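**Student:** Here are the chains, one letter per residue:
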Amino acid sequence: MLQEIPPGLCFILSGILFMIGAIGVIIRRNVIVVFMCIELMLNAVNLVFIAASGALSSMDGSVFVFFIMTVAAVEAAVGMAIFVMVFRLYHTINADEMNLLKG
Amino acid sequence: MMDMVSFKGIVFIAEAIVAIVASVLMVTRKNPIHSALWMIVTFFAMSVIYLLLDAQFIAVAQIMVYAGAIMMLILFVIMLVQVEEGEKGDHWIAGRSKKTKIAGVLITVILFGQLLLGALFFRMTGQSGDHPAALVDAVGNVKAVGLLLYGQYLFPFEIASILLLVGIVGAVVIAKRKE
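So the protein lines, in turn, are chains A and B.
Each residue of the first sequence is one higher than the one before, counting from 1 in the working numbering.
Each residue of the second sequence is one higher than the one before, counting from 1 in the working numbering.
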């Protein structure tokens, strides 16, 4: 019988991945890379859902991850449309130069 | 931790290292296309971890939705958007002010400490569900998820489909060229 993975290890891995994603959101200026880092953070949260539901012998984690994936797909579609439009207007996707709301 | 000298443990450690290294490379690469390709490596590693955790449906959906659909969309938009900029991406640390670097280090240390504390000293609370591994293995993971999705979670499932429809319409309306 194969040994089960302890959920604590999954939580640690998820924490590390979430942290890498958060740092990427903070330090990168390319909006598309920032978006990819947000996707990475969503993935880290998905891992926690799966690990916790596996440890609690429940199936709800898989269902929740399914809904998170749906929302991520919609977010990607709308976000990419917004990036294309912003690039058409300003000819850049650098987050530092999108300062229209700055007074 | 218990002894990790099992096949699952070895595969888990290997995939965890692959995921962490690939995501670090994703954050630090200058060219956004390289970032996107490293992101795909991360998604595949995570998918193997889902398989180890007995979530086969989510593992396949991960490959199809993330590595297939979302990353293809991102790669297309990168190629669409960065035609003039070419190789000139932004470096991840060069050209940042000292204040930014200090803030980044602080946030990193604080966040890492919090996450590590939470992961090391967690207590598994909550009720046990009614899907133990042996029972799920008897019906199959996909069937178990499908029964839940079309039974208990039918209404959220329908709302998710409406959300997808709104997303499609919204993306088309936003990206349409105005004449």
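Worth flagging that the hints you see were computed from the coordinates, not collected in a lab.
Source: prediction; values computed, not measured.
Check the hints yourself; a few may be wrong.
[Claimed, not checked] Below are the DMTMM-like pairs computed for lysine to aspartate or glutamate, each with C-alpha atoms no more than 20 Å apart in a straight line: (1) Lys98(B) x Glu75(A); (2) Lys8(B) x Asp137(B); (3) Lys176(B) x Glu75(A); (4) Lys8(B) x Glu4(A); (5) Lys8(B) x Asp54(B); (6) Lys143(B) x Asp130(B); (7) Lys143(B) x Glu158(B); (8) Lys30(B) x Glu4(A); (9) Lys99(B) x Asp96(A); (10) Lys99(B) x Glu97(A); (11) Lys143(B) x Asp54(B); (12) Lys101(B) x Asp96(A); (13) Lys143(B) x Asp96(A); (14) Lys30(B) x Asp96(A).
[As the list claims (entries may be wrong)] To spell it out: a stretch of chain B is covered by chain A in this simulated footprint if at least three of its residues, at any positions, have a beta carbon under 8 Å from a beta carbon of chain A; those stretches are: (15) 36-46; (16) 66-73; (17) 121-132; (18) 157-171.
[Said to hold, decoys possible] Calculated from the model, a selection of chain B residues having no Cβ within reach of chain A, i.e. all distances over 10 Å: (19) Lys8; (20) Met26; (21) Lys99; (22) Ala138.
Glycine is no exception: its CB is placed at the ideal position from the N, C-alpha and C atoms.
**Student:** A separate judgement is required for each hint: does it hold in the structure or not?
**Tutor:** Evaluated hints:
no.	hint	verdict
1	Lys98(B) x Glu75(A)	violated, 33 Å
2	Lys8(B) x Asp137(B)	holds, 17 Å
3	Lys176(B) x Glu75(A)	holds, 17 Å
4	Lys8(B) x Glu4(A)	holds, 7 Å
5	Lys8(B) x Asp54(B)	holds, 11 Å
6	Lys143(B) x Asp130(B)	holds, 15 Å
7	Lys143(B) x Glu158(B)	holds, 18 Å
8	Lys30(B) x Glu4(A)	violated, 39 Å
9	Lys99(B) x Asp96(A)	holds, 16 Å
10	Lys99(B) x Glu97(A)	holds, 19 Å
11	Lys143(B) x Asp54(B)	holds, 13 Å
12	Lys101(B) x Asp96(A)	holds, 16 Å
13	Lys143(B) x Asp96(A)	violated, 48 Å
14	Lys30(B) x Asp96(A)	holds, 16 Å
15	36-46	holds (count 5)
16	66-73	holds (count 4)
17	121-132	holds (count 9)
18	157-171	holds (count 8)
19	Lys8	violated, 5 Å
20	Met26	violated, 7 Å
21	Lys99	holds, 13 Å
22	Ala138	holds, 13 Å
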